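In order, the protein sequence lines correspond to chains A and B. Note that this note's numbering gives residue 104 to position 29 of the first sequence, counting from 1, and the numbers run on in steps of one. Note that this note's numbering gives residue 79 to position 81 of the second sequence, counting from 1, and the numbers run on in steps of one.
Think of the hints as simulated: they come from the structure by calculation, not from any bench. One thing to keep in mind: the hints can contain errors.
A short list of chain A residues far from chain B (calculated; beta carbon distances all over 10 Å) [stated by the list, open to error]:
1. Leu100
2. Phe145
3. Asp146
4. Gly147
5. Leu160
6. Arg164
7. Glu168
8. Arg169
9. Glu173
10. Asp215
11. Pro241
12. Thr244
The calculated SDA-like cross-link candidates involving lysine to any residue, where the alpha carbons are at most 20 Å apart (straight line), are [unchecked claim]:
13. A:Lys165 x A:Leu238
14. A:Lys217 x B:Leu264
15. A:Lys217 x A:Ala231
16. A:Lys217 x B:Gln11
17. A:Lys217 x A:Glu199
18. A:Lys217 x A:Arg171
Listed next, the stretches of chain A that the computed footprint assigns to chain B, with coverage defined by at least 3 CB atoms under 8 Å from CB atoms of chain B [to be verified]:
19. 102 to 108
20. 113 to 127
Keep in mind it's a predicted model, so treat the numbers as computed, not measured. Glycine included, each C-beta is placed from N, C-alpha and C at the ideal position.
So you can see what is in the structure, the chains are spelled out below.
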Amino acid sequence: MNAGALGRRALPRQLPSAEPQAPVLDLATVYEAYFRYVWRCLRSLGVRDSHLEDALQDVFIVVQRRLPEFDGRAAVRTWLYAIALRVARKYRERARREPTSLEAAREGDPELSAEQTSGDCEHESERLVLARRALSSLDDDKREIFVLARVEQMSAPEIANVLRIPLNTVYSRLRAARLAFEAEINRLRGTPRSTP
Amino acid sequence: MNFPDDDDSVFEQALRADLPSLSEQNRLRPRLLAAGVAAGTALGSTNVAAAAQASFGASALSKLSALSWPAKLGLTAALAAPVAVLPLAYPPVAGADLVSHVRSSAAGVRARSAAIALHPVQLPMSEVSQSSRTTPSLPEPEARLPTTGTARASVPTSNTLPAQAPAAIAPNPGAAPAAAAPTSAAGPAALAPDKMGSGSAEPSVADFDALAQSPASEAPNARNASTLAAETQLLDRAFAALAAGDRRTAAASVAEHARLFPNGLLRQERERARARLATDSKGE
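Produce the complete structure using the sequences and hints provided.
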């Protein structure tokens, strides 16, 4: 089941049908329905594995704090990703300031993993490693939009809402992000870049 | 899919399939939910102690509360160990000053909240300490500082903790009268070494580290430092009222400061506030 499918199906079950009423949500409900997608989103957005639990905790602390203010006008999923996005930015910034450990160097260095993962990438795990390295080579703007669109499968208007950018910018930036991602994958695999 | 060029690459599919296992979700559930609940409770409370707690950092508190029991045990030991040494290292009067220092400082309030989250079993002991805490060396006005009320008010913020002792949640009716009316009988009891140890739930590790490194002759400094927060609060209020043109509140705050801290650390500031009050009244 993908994130979009779950998000769209879980929402009507959790929210009352009457629009004006505040949605009845609690932390446990949100956790059960969305934990896995927040986890994936944070990882894809560049939160190091060593920081992942702390980042998750920060997200759910914000969720708990903000739940009473959640008015249901946006989808829960969009709201959650907006929180996760900001938490991920904080942790990326923290990781940049921290002295680089060997583990962090491996996480952030595409070349290192390219040596380990070169080949046909027949296995899912190899593809994942390669994809994560390619993701880490994108700049923050492209990475965020790529993750929200291609991994979390949010719609362009949702992304525009989360990132607070114009819709046209979403399309253009996403296109650039996909090209950059593909080029990086090809580079890591040692194959020539395909024509877009 | 929502975009025109929708062809999925196997790499995007791999990223989408990168989800945590159910066991991972179950493993993190207690920690994350406990953290969220603790933070929400702290921020949802309206009392002063909760505000102090929130300024301390809701996430820090919630992370403390979400620690595993072995970690809590270790931190509790770290808190308790210096306390066990204090009765041996300090004479009784210095110990009383230490208690007053910890009680009347804002850091004490925060540390107590954290200590409640870490080791609720210690709380009843500290409540006992509150009720019996009256010493000849402690000026009466200090016993009525706002922190006396806020320390107890912080208790409800942690009542979601499963191991919270009922006695710790219940307000202690004897605390305020005992603090406001020192008696000779209560004094020696508060100075006894076992009572000294009972204050262990209040201070933070850093408080004890700092005190343990300072010689006993520096105990008066600790007490002076303890008045600084309250003095600052009073004079801040006075100057803010002056700026707002509220002379009545300003005069009341200055008078309160003069009454509570006649020789306080900020007496010059008090005189300045008084001078401004006088100037303003002449201007009118």
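Worksheet item: Closest CB-CB distance from Leu100 of chain A to chain B, is it above 10 Å?
Response: The assertion about Leu100 of chain A holds, with a minimum of 12 Å to chain B.
Worksheet entry | Pair hint Lys217 of chain A and Arg171 of chain A, alpha-carbon separation not exceeding 20 Å | holds, 18 Å
Fill in: Agreement of Lys217 of chain A and Leu264 of chain B with the hint, judged by alpha carbon distance not exceeding 20 Å
violated, 55 Å
Practice prompt. Could you let me know if the closest chain B CB is still more than 10 Å away from the CB of Asp146 of chain A?
Written response: holds, 18 Å
Discussion item. Would the non-interface assignment of Thr244 of chain A survive a Cβ cutoff of 10 Å against chain B?
Written reply: Given that every Cβ of chain B is farther than 10 Å from that of Thr244 of chain A, nearest at about 14 Å, it holds.
Worksheet item: Is it true that the CA of Lys217 of chain A sits at most 20 Å from the CA of Ala231 of chain A?
Response: holds, 14 Å
Worksheet item: Does the claim that Arg164 of chain A lies off the interface hold, with its Cβ farther than 10 Å from every Cβ of chain B?
Response: holds, 16 Å
Discussion item. Check whether the Cα positions of Lys217 of chain A and Glu199 of chain A lie no farther apart than 20 Å.
Written reply: Roughly 24 Å separates the two Cα atoms, so the pair is violated.
Practice prompt. Classify the label on Asp215 of chain A as holds or violated, using whether its beta-carbon is more than 10 Å from each beta-carbon of chain B.
Written response: holds, 17 Å
Worksheet item: Three or more residues of the segment 102 to 108 of chain A near chain B by CB distance under 8 Å?
Response: holds (count 3)
Fill in: Non-interface claim for Glu173 of chain A, where every Cβ of chain B lies beyond 10 Å
holds, 18 Å
Discussion item. Beyond 10 Å on every Cβ pair: is that true for Pro241 of chain A relative to chain B?
Written reply: Holds, since 16 Å exceeds 10 Å.
The structure is inconsistent with the numbered hints 14 and 17, although it conforms to all the rest.
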